[in-house]
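Peer 1: Here is what each chain is made of, one letter per residue.
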Amino acid sequence: MADHNPFPGENNTGHFWDDNIRELNNPPPKWWMIALWVSIAWFVLYGILYPMYPVLPWQSQEGGGFTKGVLGWTSIKEFEQGMEQVAEVRAQYETQIASMTPEQILDDPGLTQYTLASAKVLFGDYCAACHGSGGQGNPGYPVLADDDWLYGGSMAKIVESVTNGRKGAMTAHQNILSEAEVDQLSQFTVSLADGGEGSEAGWKLFNEKGCTACHGQQANGILAELPDGTIVTVGAANLTDSIWRFEPGGYESAKHTILYGVNQPGVEQTRDAVMPAFGDSAGSLEGKLEPDQIKKLAVYVHSLGGGQ
Amino acid sequence: MDELYAEAHHWEVNTGGETIHAKRMPGKWRRIKWLASSVWLIFFLGPYLRWNGNQAVLFDIPNRKYHLFGVTVLPQDFWMLSLLLLFFAILLAVVTALVGRAYCGYFCFQTVWTDVFTWIEEKLEGSPPQRRKLDKAPLDARKVRVKVLKHAIWLLIGFLTGFSFVAWFYGAGPLWRDFFVGDANVAVYASVALFTFGTYLLAGWLREQVCFWLCPYARIQGVMLDKSTVVPAYDEARGEPRGRLQKGQSSADRTVGDCVDCNQCVAVCPTGVDIRNGQQEGCITCGLCIDACDAVMDKVGKPRGLIRYASLDEVEGKPVKPMLMRARVWVYTGILALALAGIMYGLSSLEAIEVKVLHERAPLFVQLSDGSVQNKYTLKVLNKSEQDLTVRISAESSAPIILLGAEEPLLTRSGEVTPMIVFVKIKRSDLPGETLPVTFHATTTLSDNTEIAAERESAFFGPSR
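Chain order of the listed sequences is A and B.
As numbered in my numbering, residues 7 to 314 make up the first sequence, in order.
As numbered in my numbering, residues -3 to 461 make up the second sequence, in order.
Hint data in this document are derived by calculation from the structure and do not stem from the laboratory.
Treat each hint with caution, since some may be false.
Unchecked claim - From the structure, some residues in chain A lie toward chain B, with a derived Cβ separation under 8 Å:
no. : residue
1   : P35
2   : K36
3   : G138
4   : S139
5   : G140
6   : Q142
7   : A151
8   : D152
9   : D153
10  : D154
11  : S248
12  : I249
13  : E253
14  : S309
15  : G311
Claimed, not checked - Derived lysine-lysine pairs resembling DSS-like cross-links, with alpha carbons at most 30 Å apart:
no. : chain 1 : residue 1 : chain 2 : residue 2
16  : B       : K24       : B       : K295
17  : A       : K163      : B       : K146
18  : B       : K119      : B       : K24
19  : A       : K36       : B       : K146
As the list claims (entries may be wrong) - Stretch by stretch, here's where chain A covers chain B in the computed footprint (C-beta under 8 Å, at least three residues):
no. : segment
20  : 11 to 23
21  : 360 to 366
22  : 408 to 421
Glycine included, every Cβ here is placed at the ideal spot set by N, Cα and C.
Chain B extracted, bound-state conformation:
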């Protein structure tokens, strides 16, 4: 009961009533965090990558064409997107099961942008105590200058974020050309504005509040972690009971645990949690408290690792299950492999043309005056290539058939579906039963003289005997 009320005192911090000014300390995990964050440079630089004279990756939404390094994906191929999403969802799950919220701590845009924003804040306003002092200080010329500069830089980063985001969809070249002279469309300006102010608000003001209260992934992590998941953990057996280091006391004289209660682990935490209370919802497993604790342990002459990446089993001294003995590792890996195989198959089997056959249902068949039976089909020929193609249509079946309406080749425009109505006639005496399989072939020649063919099976219907 008392614990509950004690927690209520910490409540102010968790709900953003008090701004967290985390201390920055150098260390191994700090370096890894910067390295991991630099992955996001791809987000800013990626749109300038060229491939065969075009933007390498361009999601052209108005034309519904998605260019990926010379491969053009159309909405018709979007089943691959679901596999891609499955892949990343499971990747997130497997990473969380193994090493906790590593994504949150090292890669998440919220973490990375907030990290950069607070780094700028520290450069301009100074250390956490100086920042707290400045926040409370009356408004003077220096405060105004520092604050205005900080918010301007934040907004600039927000703008660059929005601009880079839109460049993936609008094309970097056209965006630079159109944006600053007012030639881009409303959606572009609205998106950039949304991202500018969204970034500013989320990374500048809301920060860890997003992880606490807005992010759904932070909530589902609880079911993904288990006792063998490696997370930043405080070695309670070694650290407790904690006690401050007395002046002149040598470490050998200490009767208490190794934790000197210096509170550095809390001071560096970007979400303001105390890791010594164990794994908790606020912890994004970024490892900064490990750096802080290791530095202190070095100073007081104790071995490092009072706080370290460890599983709960390990900290509690229980046997640690090897990674490959855990069922979820295999299950997750299996799903990952399946999704990846599906995407590979999809990307490798992208053909330049695709034909779909819709059999007319009203009427299913028509009896002609010469006693033959006629079926009507709507062919939909999709041209996925970058060029207009002339497609020849033919049909074959086990019975002799006459194809009408496909005498002239069909001109299909790049990236478009072109419908075509054809009729198939079969003599009634040639019909073996009520239905007969018919295969339609579409063939075309690309500009480099490669023959491309697509086929689709449909059925021919006739009267019952």
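Extracted from the complex, chain A is given alone in its bound form:
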């Protein structure tokens, strides 16, 4: 720093380098200073209104944390308010759904739209693990998007299946039938599935061995049709269509099912076919879904492509 200022009247700080380079002392623009002070005021005010400043451990009973702000704002409160608003929007639909049958819901396009959107979430939470995200059925589980129903595809039957669950049953025939008989019955079901008529010997064996008791006289899984059109089944597969209940389908699959049955205790290789109950009545998942939720799911499943 020079003792003598060679550039007087220039508003420099008195700092010089290389004789002619010097540091000037020009203040920042006024608007810039105003903006700075407004920002600082904003910072302080914000800190008073909203949670902001850290609190040191010895300054509070909870041992730290932060100032809560005089407005008492928290993100969880904001979230809850948002959820209340959502519930308000939903309420008009929900009250309608509560007083309607699934069929009535399906008749109202606007309500159906709401129900499908709402049930999609439920389906993802409770059903998709086995039946696939779009009802396409994971391997070994029933496809919900087709028109083949073990227990019926009417709204009432779907509600029943979801509410009470389902448990398939088929005797293991490994000790009942001879190897030749198993072979013959397996070939018989494959021929039916391929659209064939089935051999006379096959039908004879099918009747003799009591398969009709569950699969019906026509092997289509229907035991009887009541005068009001209700179809009576026990959940046995329709053997005459091209859809196979157990993957991959065909001779080996049929043979396996005949030999070891479905849900047979003590038979190691038996087929698993259990759907838990989601409704209020019984089962391990008792009360997991409200009746209205089941109603929505019924509409959703019915609309997947094969509802009757």
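Following the hints, put chain B in place on chain A, whose structure we already have.
Peer 2: Just chain B, lined up with the frame of chain A:
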């Protein structure tokens, strides 16, 4: 080095430490500036324009409908907005390349509003020296009266600006009806308040500071100008060395240049620059210094045009490239034409209905018990018309298909997207391969009996062989 420090002295002016009180002088460019500014009357009067009984241009944000002279644009058509923005961005570029910051000098709201604000200031407080005197004068009754009146008028203009702006979005009629009785919503009051005080602050107080420090366009202009760009330029060869006019000296006796160093060009400059230092960041190319210099040249009996609109090449005496020989003119014009063509195409091909087809992916297809294959589609039918429409859906393909779920026509509300789930069934034996194109048709009849149709191609999926 010394130049740098000399510039530092001017620094106070450039950062708003000293208010610029620009002198107003009449002239050709002053008149053009008023004419150009009057374009903004559209901003104030436009919302009152009617078209078929509705506001001609209304940007209805809550309902997401944008009405332009009978055409309704929905958010789905917003690709046209990007072309519109491209058009104006390139227009700005081409104008800047040709004639510099003409937008800044003549059309920019900052320039225009500041011009009006300072005009009011001059009417109330007097000429620049009187204004400077008044600013320094102690507060007395007259000063208070003049200042209060000035700020009140400024705020009123700010309010009118905000009110007119909101009218484009809220509708002028409803705004007049709702605003003054407190029936408009919070967003309306907040927007008007923001614009009122924003206008007041930016045009009343910040003025040229906005151009210097806030405006990004002022910064990118540097790369858009070149030596053939026409800007207000000081003819240095003719003007220098500058010298004051001596009393009694005839112009023929002058040994110095034509510039009489009267400083009028600086006095009239709204951003406080000295054009004789050449084109610089503060210059908004408004041409007011040309008017000032021409008036002085007339007085001292010299030809006009010491400061004039000229390119740097021209001032330096280099050959001037004709406009059509410049590559950027062609490139910019090409982009402009493309954007314009796109917008024209978009506006002319706006159909009343639009159908989108979403193929279900989980599962891609379902095998049915009768051996046929079924695909599920979600159709989204958009009704862009002003009326509710009943839309009939059909599907066709090269193989025989059965369409399920579209037996009843679909009711679509005006301006809404209505989803619809349909199924297509094809016999497995009819499927030529794993996929098959399927075309969905949506047809409807408008109230004036015109048939409207939309179609969308999708695909049908089946099992692999």
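Peer 1: Each hint needs a verdict: does it hold in this structure or not?
Peer 2: Evaluated hints:
no.: 1; hint: P35; in the structure: 4 Å, holds
no.: 2; hint: K36; in the structure: 6 Å, holds
no.: 3; hint: G138; in the structure: 6 Å, holds
no.: 4; hint: S139; in the structure: 5 Å, holds
no.: 5; hint: G140; in the structure: 3 Å, holds
no.: 6; hint: Q142; in the structure: 3 Å, holds
no.: 7; hint: A151; in the structure: 5 Å, holds
no.: 8; hint: D152; in the structure: 5 Å, holds
no.: 9; hint: D153; in the structure: 5 Å, holds
no.: 10; hint: D154; in the structure: 5 Å, holds
no.: 11; hint: S248; in the structure: 5 Å, holds
no.: 12; hint: I249; in the structure: 6 Å, holds
no.: 13; hint: E253; in the structure: 13 Å, violated
no.: 14; hint: S309; in the structure: 6 Å, holds
no.: 15; hint: G311; in the structure: 5 Å, holds
no.: 16; hint: K24/B <-> K295/B; in the structure: 16 Å, holds
no.: 17; hint: K163/A <-> K146/B; in the structure: 80 Å, violated
no.: 18; hint: K119/B <-> K24/B; in the structure: 21 Å, holds
no.: 19; hint: K36/A <-> K146/B; in the structure: 22 Å, holds
no.: 20; hint: 11 to 23; in the structure: holds (count 3)
no.: 21; hint: 360 to 366; in the structure: holds (count 5)
no.: 22; hint: 408 to 421; in the structure: holds (count 3)
The structure does not agree with the numbered hints 13 and 17 stated previously, though it agrees with the rest.
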